[in-house]
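Colleague: Top to bottom, those sequences are chains Y and P. According to our numbering, the stretch in the first sequence is residues 7 to 297, in order. According to our numbering, the stretch in the second sequence is residues 7 to 297, in order.
Just so you know, these hints were derived from the structure itself, not from any lab. Check each hint, because a few of them may be wrong.
A pair holds if it fits inside one copy or across any two, identical chains being indistinguishable in the list.
Said to hold, decoys possible - DSBU-like mimics (lysine-lysine), calculated; alpha carbons at most 35 angstroms apart, straight line:
| hint | residue 1 | residue 2 |
| --- | --- | --- |
| 1 | K267 | K296 |
| 2 | K123 | K36 |
| 3 | K188 | K115 |
| 4 | K36 | K267 |
| 5 | K16 | K296 |
| 6 | K267 | K109 |
| 7 | K266 | K34 |
| 8 | K232 | K34 |
| 9 | K188 | K109 |
| 10 | K296 | K232 |
| 11 | K123 | K266 |
| 12 | K232 | K65 |
| 13 | K188 | K54 |
| 14 | K296 | K123 |
| 15 | K188 | K16 |
| 16 | K123 | K188 |
| 17 | K72 | K232 |
| 18 | K54 | K34 |
| 19 | K267 | K232 |
| 20 | K267 | K34 |
2 protein chains.
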Amino acid sequence: MSDLLVLSGKKVSSVVYQGLSDRIQTLKEKNIIPGLAVILVGENPASKVYVLSKTRTFKKLDLFTKTYRLSSDISQDELLHLITELNNNPSYHGILVQLPLPKHIESDKVINVIDPKKDVDGFHPENAGLLAIGRPRFIPCTPKGIMKILGHYEIGLNGKHVVVVGRSNIVGRPISILTSMKMDGANATTTLCHSRTPDIENHTRSADVVIVALGVTGFLDHSMIKEGAIVIDVGINRIDADNDKGYELVGDVDWSSIEKKASAATPVPGGVGPMTIAMLVENTVEAAEKL
Amino acid sequence: MSDLLVLSGKKVSSVVYQGLSDRIQTLKEKNIIPGLAVILVGENPASKVYVLSKTRTFKKLDLFTKTYRLSSDISQDELLHLITELNNNPSYHGILVQLPLPKHIESDKVINVIDPKKDVDGFHPENAGLLAIGRPRFIPCTPKGIMKILGHYEIGLNGKHVVVVGRSNIVGRPISILTSMKMDGANATTTLCHSRTPDIENHTRSADVVIVALGVTGFLDHSMIKEGAIVIDVGINRIDADNDKGYELVGDVDWSSIEKKASAATPVPGGVGPMTIAMLVENTVEAAEKL
C-alpha cells in the first residue's frame, strides 16, 4: 500500500479563506460587511469553545459578529423574540443558534423562527428541503466542508460507493443526500448506516468512501474498511488528557489502525473541523451577496 | 421457496379508505368537507388519466374536488396567480398541481408558491425539509403508500437493508429518507442507487428489500435479487397493447422472472398505484383536520 494521503482540512480551509477575501472585499466596496449573530444559551463548555473559535475567525477576517450570551433559564419566548429582532436587523446576514439548547427550549421551534435566508447553518426545514430536492441554498457547514475537501483533492464521487455512518440532521443525513445528488463531484451511490444497523462493518467494508459521524471514539478500525478506502472522520470527541486544557480531541476513526490500509483520510484535529468554520464564513458571505 | 406473497395495494387502500371514513364523518359533523383543488395544464394523456382517477376517488368518498383545466400556453404568472387564490380559498385544504408542466413554466416556482399547509403532495421545500429532518408534515403520496403497504403486511424494516433504485424527488429520494428514519417500521439501512450507479445489481442482490422507481419496463429480474427478497415496484409504464385503451400498464419489475425467487412483491397494476391515491386522500383529510 502506498502512503496515506492526509486530507488536510486546515490546508483546504486556508484556500477557502483566500478565495473568500476577494468576495469580502467586493462587498466592502459596496459598504456591506458580512455579519453573523451568534446565540449562546447557558454554559456548555464545548459550546463555548465552538462559539469562540467561530467568532474569532470572523473577527480575524474583519467581518462583523456579535455573540448574544443568554442565561440557561431564558424562556423560549424571550429567545424567539430575540431571533425575530435579529431577523429584522440588517447588520446580520447570518444567524446561528449554538446547539444543544437547554431542555426546556424546543430546538425545532427556535430553528423554525430563523429567517431561512439568514439560516447560515442550513438547519431550517426550508433549507433542509431545498437540499433534499437538489436545489440547495445553505448547505449545513460540516457536510459542505466534506465535499470541499474531496473537491480540493480531486476525489470525485461519481460511480463510487459511499457509506455514511450516523444519521444526524447536522451531518449524516445531509451528507448522504449531498453525496448522492445529481451534481458534479457527487453522483455517488450512498448507503446510510446508523445505530440500528446490525452489521455496519459489512457495509463499510464494501465502501470506496466511508464517512463516520457517530461521536464514538475510535469506532472505525482497519477491519471495517477495504484496502485503499477513503476515510472521512467527522467525530470530535473530548478525552481526558494530561495537558493544559485537561482534554484532547480525537475522532471516530482509529487512525493508527487504518493508516496503512486507507488511501486517504482526514485527521482529527485539522480535518473536517476547520472546514466547518470556513463553510460558516462562506455561507455568511453568500448570504450577504444575495441581499 | 414458499409461494410469493402478493402485496396488494388495492386491498390495503380499501383498508385505508375504511379508516378514513370515520375521520371524514367527524369532519362533516363540524361542517368541514375536505377539499382538493387539482390543476391540470395542457393535454398530456397520462396526466389526464391520473387526474381523473384522483378526482373520481374524491367524488366517490363525497369529498369536494374541482379540477382547473388550463391551456398549455397559460403564462407562469397566471398560474402562480391562480394558486395564490386557491391558497386563500377555505374550501380547499389541499392543492395539487399535476406534473409535468409545459416547458415554459418553472415547476419549482409553481410548487414554491403553494401554501405548505395545503401541499398535500409533499413537494414544497418546507415539507421535503420536514421529512428530511425527521418531523414530517405531508409525506409524498407514493413513498407514504409504500410504507403503509409494508406496515399492513407487518414487514418491519428495522435492521433490514433496503436498496432504492431511482433518486427522483417524488419517490426515490423521499423513500430513501423515510425507510432510514428513526421511526417505528423504518430504521432500515438504506442504499440509494440511480442512473450513475455502475453496478446496480451488486447492490440490489444484497438487499432484503428492493424498491424500484426508475420507469424502465422490466428493469429488475431474478438475477438482481437475492432469494426471499421483498420487491416494491413503483414503475407505471405504458406499453402498446391490443385492447380497448390501446395500452397496458407494466412495472419496472419483470414479475414472471422474480416471482419464484422473491418472498413478497407489489404487482402492477394493483400495487403501489392505488396507494398513491389513497395517501392523497389521507393527506387532504389530515390537512382539513389540522385547520
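Colleague: If a hint holds in the structure, say so; if it does not, say that too.
Modeller: Evaluated hints:
no.	hint	in the structure
1	K267 x K296	neither (44 angstroms within a copy, 55 angstroms between copies)
2	K123 x K36	within (20 angstroms within a copy, 39 angstroms between copies)
3	K188 x K115	both (31 angstroms within a copy, 20 angstroms between copies)
4	K36 x K267	neither (51 angstroms within a copy, 67 angstroms between copies)
5	K16 x K296	within (27 angstroms within a copy, 49 angstroms between copies)
6	K267 x K109	neither (42 angstroms within a copy, 50 angstroms between copies)
7	K266 x K34	neither (47 angstroms within a copy, 69 angstroms between copies)
8	K232 x K34	neither (49 angstroms within a copy, 61 angstroms between copies)
9	K188 x K109	between (38 angstroms within a copy, 20 angstroms between copies)
10	K296 x K232	neither (43 angstroms within a copy, 50 angstroms between copies)
11	K123 x K266	neither (44 angstroms within a copy, 53 angstroms between copies)
12	K232 x K65	neither (43 angstroms within a copy, 57 angstroms between copies)
13	K188 x K54	between (37 angstroms within a copy, 29 angstroms between copies)
14	K296 x K123	both (9 angstroms within a copy, 27 angstroms between copies)
15	K188 x K16	both (28 angstroms within a copy, 34 angstroms between copies)
16	K123 x K188	both (24 angstroms within a copy, 28 angstroms between copies)
17	K72 x K232	neither (46 angstroms within a copy, 57 angstroms between copies)
18	K54 x K34	within (29 angstroms within a copy, 54 angstroms between copies)
19	K267 x K232	both (7 angstroms within a copy, 31 angstroms between copies)
20	K267 x K34	neither (47 angstroms within a copy, 66 angstroms between copies)
Hint check: violations occur at hints 1, 4, 6, 7, 8, 10, 11, 12, 17, 20; the rest are consistent with the structure.
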